[in-house]
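Which chain is which? The protein sequence lines are P and Z, in order. All letters in the first sequence, in the order written, are residues 1 to 434 by full-length UniProt numbering. All letters in the second sequence, in the order written, are residues 1 to 524 by full-length UniProt numbering.
It should be emphasised that the hints constitute simulated quantities derived from the structure, not laboratory data. Do not rely on the hints blindly, as some may be mistaken.
Stated by the list, open to error - Residues from chain Z shown here face chain P by an in silico Cβ test under 10 Å; the list is partial:
1) GLY107
2) LYS110
3) VAL111
4) TRP156
5) HIS159
6) TRP162
7) TYR262
8) ALA331
9) ASN361
10) GLN388
11) GLN451
12) ASP475
Stated by the list, open to error - Here are some chain Z residues the structure puts well away from chain P; computed CB gaps all over 10 Å:
13) ILE112
14) ALA167
15) GLU222
16) ARG231
17) SER447
18) LEU477
What the hints assert, rightly or not - In silico contact screen, one side only, chain Z against chain P (beta carbon under 7 Å); selected entries:
19) HIS141
20) TYR328
21) GLY349
22) PHE350
23) ASP356
24) GLU360
25) LYS392
26) GLU399
27) PHE402
28) LEU404
29) LYS405
30) ASN444
31) TYR449
32) SER484
Every residue gets a Cβ at the ideal spot worked out from N, C-alpha and C, and that includes glycine.
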Amino acid sequence: MKNIQLITSLRYVLFGALALTTSAVQAEKIAITNATVYTVAEQGVLLQATVVIEGGKITAVYSKDDVPDSLNADTIIDAKGRILTPGFIATKNLLGLVEVGAVSATRDGSDKKADLTFDASLAFNPKSSLIPYARKGGITSNLVMPHGGEKVFTGQSFVVNLSGEFDSVIVSQNAVIVSLGSTRKGSRAVKLQTLSNELEDAQKSLAKAEKAKAKKKKSQGKDKEEKEAKTPSRAEQVMYALLSGEKPLLAYADRATDILALLKIKQKYNLDLILVGASDAVLVSEEIAKAKVTVMMSAIDNLPTSFDSLHTSLANVAILSKAGVTVIITNSGESHNINQLRFDAGVAIANGLAETTALAAITANVADSFNLNSGRIVVGKNADLVLWSSDPFEISTKVDAMWINGNAMSLTSRQDALRQRYTADTNMPRAYTK
Amino acid sequence: MPKKSLPRSFFNGKFTKKITDNKSMFTLLATSMLSLGLTACLPNEKQDAKVVINKNPYPSTYQALPAQSILLTNATILTGTGERLNDADILLVNGKVMQVGKDLLAGKAKVIDMTGKWITPGIIDVHSHLGVYPNPQVESHSDGNEMTSPNTSEVWAEHSVWPQDPAFEAARAGGVTTLQILPGSANLFGGRGVTLRNVPSVTMQGMKFAEAPYGLKMACGENPKRVYGSRKVLPSTRMGNVAGYRSAWLAATEYQRAWDKYDSDYSAGKNPKAPKRDLELDTLMGVLDGEILIHNHCYKAEEMAVMIDLGNEFNYHSGTFHHAIEAYKIADLLAANGNCAAMWPDWWGFKMEAFDMVEENVAIVDAVKNSCAVVHSDSSTTIQRLNQEAAKVMYRANEHGFALKEEDAIKWITANAAKSLGIDDEVGSLVVGKKADVVVWSTNPFSVYAQAEQVFIDGAKVYDRFDDKYQAKSDFLLGQTLDSYVDSDASKAANKASTEPVNSSVNNSVNKPASKPVTKPVTK
Chain P
1 MKNIQLITSL RYVLFGALAL TTSAVQAEKI AITNATVYTV AEQGVLLQAT
51 VVIEGGKITA VYSKDDVPDS LNADTIIDAK GRILTPGFIA TKNLLGLVEV
101 GAVSATRDGS DKKADLTFDA SLAFNPKSSL IPYARKGGIT SNLVMPHGGE
151 KVFTGQSFVV NLSGEFDSVI VSQNAVIVSL GSTRKGSRAV KLQTLSNELE
201 DAQKSLAKAE KAKAKKKKSQ GKDKEEKEAK TPSRAEQVMY ALLSGEKPLL
251 AYADRATDIL ALLKIKQKYN LDLILVGASD AVLVSEEIAK AKVTVMMSAI
301 DNLPTSFDSL HTSLANVAIL SKAGVTVIIT NSGESHNINQ LRFDAGVAIA
351 NGLAETTALA AITANVADSF NLNSGRIVVG KNADLVLWSS DPFEISTKVD
401 AMWINGNAMS LTSRQDALRQ RYTADTNMPR AYTK
Chain Z
1 MPKKSLPRSF FNGKFTKKIT DNKSMFTLLA TSMLSLGLTA CLPNEKQDAK
51 VVINKNPYPS TYQALPAQSI LLTNATILTG TGERLNDADI LLVNGKVMQV
101 GKDLLAGKAK VIDMTGKWIT PGIIDVHSHL GVYPNPQVES HSDGNEMTSP
151 NTSEVWAEHS VWPQDPAFEA ARAGGVTTLQ ILPGSANLFG GRGVTLRNVP
201 SVTMQGMKFA EAPYGLKMAC GENPKRVYGS RKVLPSTRMG NVAGYRSAWL
251 AATEYQRAWD KYDSDYSAGK NPKAPKRDLE LDTLMGVLDG EILIHNHCYK
301 AEEMAVMIDL GNEFNYHSGT FHHAIEAYKI ADLLAANGNC AAMWPDWWGF
351 KMEAFDMVEE NVAIVDAVKN SCAVVHSDSS TTIQRLNQEA AKVMYRANEH
401 GFALKEEDAI KWITANAAKS LGIDDEVGSL VVGKKADVVV WSTNPFSVYA
451 QAEQVFIDGA KVYDRFDDKY QAKSDFLLGQ TLDSYVDSDA SKAANKASTE
501 PVNSSVNNSV NKPASKPVTK PVTK
């Protein structure tokens, strides 16, 4: 068994580049039978259920009594009652944009020149050693949120799967990130004003453009110069996408006043707003719930790290959830330990959050917020699935199997190769143990 | 009171220099010799008053909170000595563990049924910056790294501790009863660390663990060379780091020799001139004298091996390696030399020296005979869940051939941590006569759902998850969530008390709890 693991880890880690040739592998038809299926959908939890995947998608979900006599699958996996969940979706990190935090040459998540058009997905590295390790936490896809530049609009997020293949990026430039709140230099008011003004300007120029368009239709485009002048800039196009609700606005804000100001802006411009951080959101939970705004927050950041965050608590996710707010549990640290997401969710459960809500907070809620075809075990969704040895939130539990787009994934990482080297029985220098 | 000398018996026998002296003993000796007539000395020399270094100028004023004798019954007890007792009792009397076992007699003690609960020793964190890098994380409070010289052995972390850091309360709610506060790792020698009891106090002295020796923070690797290299000051390389340590220990050796000579000359009845005091060298001499323990930020295998040799070169023990990411590569060497290794279960990748993490690091170190594996936090967040940090190691290791049990893993955050801090005679295990630092957990503490329900320090309850009376709140957070509107009852009271100044009267009346008691835990 150990040998097999070693070989697998070598193939996936040391010679990861070879995996390029496997990226086009057509997923076989797999049936996972006798599973406790957490659908995170209307069906809730199905006992002794069967999930069929084919062509990278979930093609059938059978409850105990509906399983057909013949499944006709290439592979049948008996889950033996174990829990099957959608793959978890991590958020708010730099996965694939950083290899070693303090080695600046390996960091691609920020740039002084970055503005709201910043597209860090171009820098994403699917061969990063962080990705196989992240999979050990049951994470199959991830919303990467680059730090971007120093302006209020810092850049745009993108979504990847954790297959480690070169086609990992699912969607780029899918949401606009703004950073509000306390600042070492100057006033937070300027940030809010900038956001507000830019939206107002964009709305005006959009209205103008539409007017001109209508006019042009009438006059059949006589004036060539005028036509060219009306082509919106790249930045304007992004702003228009915000105003049309095509792209969500991911807004970092902790203090309640900033959150309320954002809710107003959302209402005025009809934005698809998602709050990020939101340490003091509990002070305005009713307002957030009423505005139907999703909150992305850590489940374990419970200290008053700043004067914007005096009302943090391990119970905050539960409190917001009870108030009717949809919550996404974000990674608490940066990128190297995002596999801990499930433990953070476990801490939220220990502090009052319902288990099903905790699961949705790292699956379906993320998918809904960013229009991803994953996060639930429902026919037609991407076959991003995780089979757990037991309760997914427990420390004693591990991932027994994982599929991304229907492909079974390796669960070993560089860390396993190191452990095997230094626990191997050998008289030779360990450099010979590979 | 002089510091207790290092429990050198724990560290292995390679170290031959026997440490029995300290400066105050010389004073006594000198006095008694004087009274005997000092036959060996110059007869007519008049001695000036003996110069003695006060080794404890900021002494502990810690007092245990009020306590009554209690008997906790029918719990699963992890003693911290590698033992697990099912359905067992523990008797706490006069702040000490009086008895541990089955069906104990209560005597006058109050009996509390703990059926279904788990009991462990109080959690000890050997690496914390609470109070010196407190919350809120504002520049005004950033007091943990004296980044002005590669050797700042003269600074003491205790002089930076802000006892109102709300993270002390959060850590207490996670079962932490003792913690070492260290300076940061910017310098080769960062300064002295201090071990605290995790009790609410207005002063640092009120938290200070009286019997604990001081620690000296040293740092290997990337941090010192980055901080000083960028200023074109030694060190800018790892070899510069080691040159810096060696120069300092050379100076300290001279200093120690000068004081030893002064002491022996004085004892011999002479009237020697005392060496000039040097705060930096005082600390280093404390290490050479075995009174101060080394706590060395050192990630990498090859660097730890050099630090061990460095200790041998200058005749001190290289102590505990903190953040020892690569300890698993030299587990045998660490055990043979009697070094503790304090480790995270899985943090990695934030620096090059943290790249070779394995989740079984702690388990691999622990598996060697005479080892001392410790799980530490270095974080105001994870200090609240050191039980879960240890759990991660245990379960991941057991997936790869280890057979660790709860009674083994608990040692990493209790007994072994106490050993690292030189306080294992006092705390870290539930053994008769030790301080009654006890945590009652809602369930198996290695579960993600476990909550510390009650925490005792010296037999006194300092935290209760279900009783607001035992949930301390720092000055900083007090009054942050009060309602601004005066409710009608309060207005009436204000009108009635017309002779009182209105403000104070209103303030006194508005004593209802904050509208959103968000800092109170919600129970499952």
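A quick look at each hint next to the structure:
1. GLY107: Cβ of GLY107 of chain Z sits 36 Å from chain P, so the hint is violated.
2. LYS110: At about 28 Å, which exceeds the 10 Å cut-off, the nearest Cβ of chain P leaves the hint on LYS110 of chain Z violated.
3. VAL111: violated (28 Å)
4. TRP156: Hint on TRP156 of chain Z: violated, closest Cβ of chain P at ~25 Å, above 10 Å.
5. HIS159: violated (23 Å)
6. TRP162: Violated - the Cβ of TRP162 of chain Z stays beyond 10 Å from chain P, reaching only about 13 Å at its closest.
7. TYR262: Not OK, violated: TYR262 of chain Z not within 10 Å of chain P, min 46 Å.
8. ALA331: holds (8 Å)
9. ASN361: Because about 9 Å separates ASN361 of chain Z from the closest Cβ in chain P, which is inside the 10 Å limit, the hint holds.
10. GLN388: holds (6 Å)
11. GLN451: holds (6 Å)
12. ASP475: Check failed: Cβ of ASP475 of chain Z comes no nearer than 12 Å to chain P, outside 10 Å.
13. ILE112: Answer for ILE112 of chain Z: holds, closest chain P Cβ roughly 23 Å.
14. ALA167: violated (6 Å)
15. GLU222: Its Cβ does come within 10 Å of chain P, the nearest being 7 Å, so this is violated.
16. ARG231: holds (18 Å)
17. SER447: violated (7 Å)
18. LEU477: violated (7 Å)
19. HIS141: violated (11 Å)
20. TYR328: holds (5 Å)
21. GLY349: It holds, given that the least Cβ distance between GLY349 of chain Z and chain P is near 4 Å, below 7 Å.
22. PHE350: holds (4 Å)
23. ASP356: It holds, given that the least Cβ distance between ASP356 of chain Z and chain P is near 6 Å, below 7 Å.
24. GLU360: holds (5 Å)
25. LYS392: This interface hint holds because 6 Å falls under the 7 Å limit.
26. GLU399: Result: holds, 6 Å to nearest chain P Cβ.
27. PHE402: violated (9 Å)
28. LEU404: violated (12 Å)
29. LYS405: violated (12 Å)
30. ASN444: At about 9 Å, which exceeds the 7 Å cut-off, the nearest Cβ of chain P leaves the hint on ASN444 of chain Z violated.
31. TYR449: holds (4 Å)
32. SER484: violated (13 Å)
Violated hints for the displayed structure, listed by number in ascending order: 1, 2, 3, 4, 5, 6, 7, 12, 14, 15, 17, 18, 19, 27, 28, 29, 30, 32.
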